[in-house]
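J.: Taken in order, these protein sequences are the chains called A and B. Oh and the first sequence: position 361 is 361 in this note's numbering, straight run, nothing missing. Oh and the second sequence: position 38 is 38 in this note's numbering, straight run, nothing missing.
What the hints contain is simulated information worked out from the structure, not anything from laboratory work. No residue lacks a Cβ here, since even glycine has one placed at the ideal position from N, Cα and C. Treat the hints with caution; some may be incorrect.
Ranges between beta-carbon positions, derived for each pair [said to hold, decoys possible]:
(1) B:Glu30 / A:Ser187: 37 to 43 Å
(2) B:Ser44 / A:Arg326: 50 to 56 Å
(3) A:Pro321 / B:Ser44: 33 to 39 Å
(4) B:Arg15 / A:Ala22: 34 to 40 Å
These stretches of chain A come out as covered by chain B in the derived footprint (C-beta under 8 Å, 3 or more residues) [said to hold, decoys possible]:
(5) 287-300
(6) 366-380
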Amino acid sequence: MNDRAKQALLPAGLGDLLPPEAEHEEAVARLLMDRFTSYGYDRVKPPLVEFEDGLLDGIGASVAGETFRLMDPVSQRMMGVRADITPQVARLAATRLTGAPRPLRISYSGEVLRLKGSQLRPARQFRATGVELIGAAKAAMGDAEVILLAAEAVGVAGISGLTVDITAPALARAVCAGLAVPAAVQSPLLAALDRKDAAAIDEIGGDAAAILGRLLAAAGPAEIGVPALAELDLAEPAGALAQRLVEVVELVGQAAPTLSLTIDPVERRGFEYHTGVSFTLFALGVRAELGSGGRYLTANGEPATGFTLFMDTLMQSVPGPSGRRRVFVPFATPAGPGQALRADGWVTINGLIPDDDPRFEAARLGCSHVWLEGAVQALDEDEVHDG
Amino acid sequence: MDGTESLVVAVPKGRILAELLPVMKGAGIEPEPAFHDPAVRQLSFATNIDGLTLIRVRSFDVATFVAFGAAQFGVAGRDVLMEFDYQEIYAPLDLAIGRCRLSVAEPAELATTDDPTRWSHVRVATKYPETTRRHFAARGVHAECINLSGAMELAPRLGLCRRIVDLVSTGGTLRANGLVEVEHIADVTSRLVVNRAALKTRPRQLGEWIQRFRDVVDGQDPG
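Build out the structure end to end from the sequences listed, making use of the hints.
T.: Here you go:
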């Protein structure tokens with residue numbers, strides 16, 4: 001490989017966003033953030049890098065294995081690059097914003113960096129956009145609010161075929177604890193649940209097999225799954241978790257009757273720090289999840305919920321950029337017309353040197369129009385292609 | 001929307017297919033005649049169900065096609081699922097076909113003097129390097145794997161290594177090559193596997209297919 005080729009190659013999982021994708025991602029993020037702000041979620045901007053012991057404290061511990069570390073030459077302490085913004089918001093809520101009135105509504109949009117991508121989603125750096133609702137007592141309405149907001153925001157971004165999968169990641173463990181499943185059995189049992197491997201659950205589940213099998217069977221469209229889940233007689237605390245799941249599904253269903261809802265009482269993957277009702281957003285034809293969220297506790301024990309949308313995946317299902325109108329303004333045109341055009345929503349491309357054929361130059365630079373003889377003139381179809 | 005989109009089903013070539021066809025037939029899927037013609041080069045086949053296409057690929061590739069959502073569901077052996085451990089695959093149903101086991105084998109003469117509990121390092125020829133490493137690592141044995149994609153049984157005889165990890169069904173191939181099983185890693189059967197995002201976004205359609213296969217399996221005599 002020659003030197004040029006080496007320089008062009010970026011590390012695995014890192015990439016450039018070029019025009020028009022970079023602008024498009026920004027525009028979609030702005031749409032999402034505007035929607036969050038309109039529901040009173042105020043924006044914060046925590047730093048990219050923090051001291052490791054703070055960043056990985058509390059719920060941050062679950063992303064420790066995904067976090068890049070570097071040594072701070074100034075303080076000589078280890079720092080970490082954020083792999084998730086939620087723990088940073090949880091830190092803010094537990095420190096600088098303890099005096100702010102509850103419930104605290106926070107939104108954010110920023111880049112995160114992870115040690116490795118997954119096979120399905122190789123990106124190691126991506127933009128995370130989301131909200132956190134902190135101190136929402138234990139209200140089911142809090143869970144419903146963030147689910148509805150996530151669905152609404154994704155709809156505003158132009159994505160269709162959305163499905164929200166509502167889960168209770170702590171439920172399986174609670175059922176195992178309630179039935180005193182030995183620790184040695186519990187971990188392979190939970191792994192089997194993650195794969196929905198009914199055969200393995202029957203084989204190793206013992207006393208828990210029957211109830212876990214029925215929880216597994218309750219996964220599916222909400223209108224089928226919820227009655228199946230409600231029928232189960234679960235010991236506490238599993239019963240309360242299932243009850244809350246049912247309540248939240250009903251609240252979301254009432255507020256958004258056309259939203260496609262599925263439930264999955266035993267889904268746990270991707271919910272390492274979640275303690276209560278959680279959810280994942282999928283879109284028809286998109287193989288990775290658009291985003292996920294759910295209930296957790298901040299460092300000082302406040303109940304919180306929220307969600308994060310993964311902009312890299314989200315952008316795969318957003319309709320392409322509509323593209324603003326571009327007009328070429330030839331060299332030596334006075335400043336006035338350009339200002340008027342920009343004020344009118346045009347993108348102006350100014351000629352820097354005199355051109356013999358401004359129409360050709362306009363087409364070469366990707367413009368659909370040219371400013372000639374004191375007016376905007378559209379290029380012909382064949383001119384655009386020749387350029 | 002749910003229920004109307006086309007489906008791609010990945011099935012493995014070879015050994016399992018003969019056992020799988022009656023199960024698929026029971027679930028209501030019958031491939032076009034070309035599927036049974038050994039001479040055709042075609043890889044994707046229409047079925048009696050509109051919008052349902054079968055693809056016939058290597059057994060390891062079934063998991064890859066399903067994990068990436070290129071096929072919505074398929075049939076893969078537990079050996080393949082253990083080896084790859086894809087997050088995006090659910091394995092909701094044991095089809096109880098393709099029954100065999102994943103085992104460690106070594107030459108018969110070695111087995112008479114060997115004590116597997118005292119190993120600290122083994123060199124193994126296998127097409128399951130991940131499963132093999134995990135199996136041995138669980139008891140502190142470092143496994144150095146030589147990746148082969150077939151004819152594992154030759155490796156010990158030709159001095160490539162002394163042990164192999166491979167699927168064993170009757171044990172005939174092992175015996176013919178002077179090998180004996182010394183350790184059992186896992187029992188293997190074929191599973192119905194489903195892509196996670198497909199199951200979430202098309203729950204009714206895929207749920208119905210899973211149920212059809214479950215009915216077939218439940219209707220069979222156990223064992």
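J.: Look at each hint and say if it fits the structure.
T.: Hints and how they fare:
{"no.": "1", "hint": "B:Glu30 / A:Ser187: 37 to 43 Å", "in the structure": "holds (42 Å)"}
{"no.": "2", "hint": "B:Ser44 / A:Arg326: 50 to 56 Å", "in the structure": "violated (43 Å)"}
{"no.": "3", "hint": "A:Pro321 / B:Ser44: 33 to 39 Å", "in the structure": "holds (34 Å)"}
{"no.": "4", "hint": "B:Arg15 / A:Ala22: 34 to 40 Å", "in the structure": "violated (50 Å)"}
{"no.": "5", "hint": "287-300", "in the structure": "holds (count 3)"}
{"no.": "6", "hint": "366-380", "in the structure": "violated (count 0)"}
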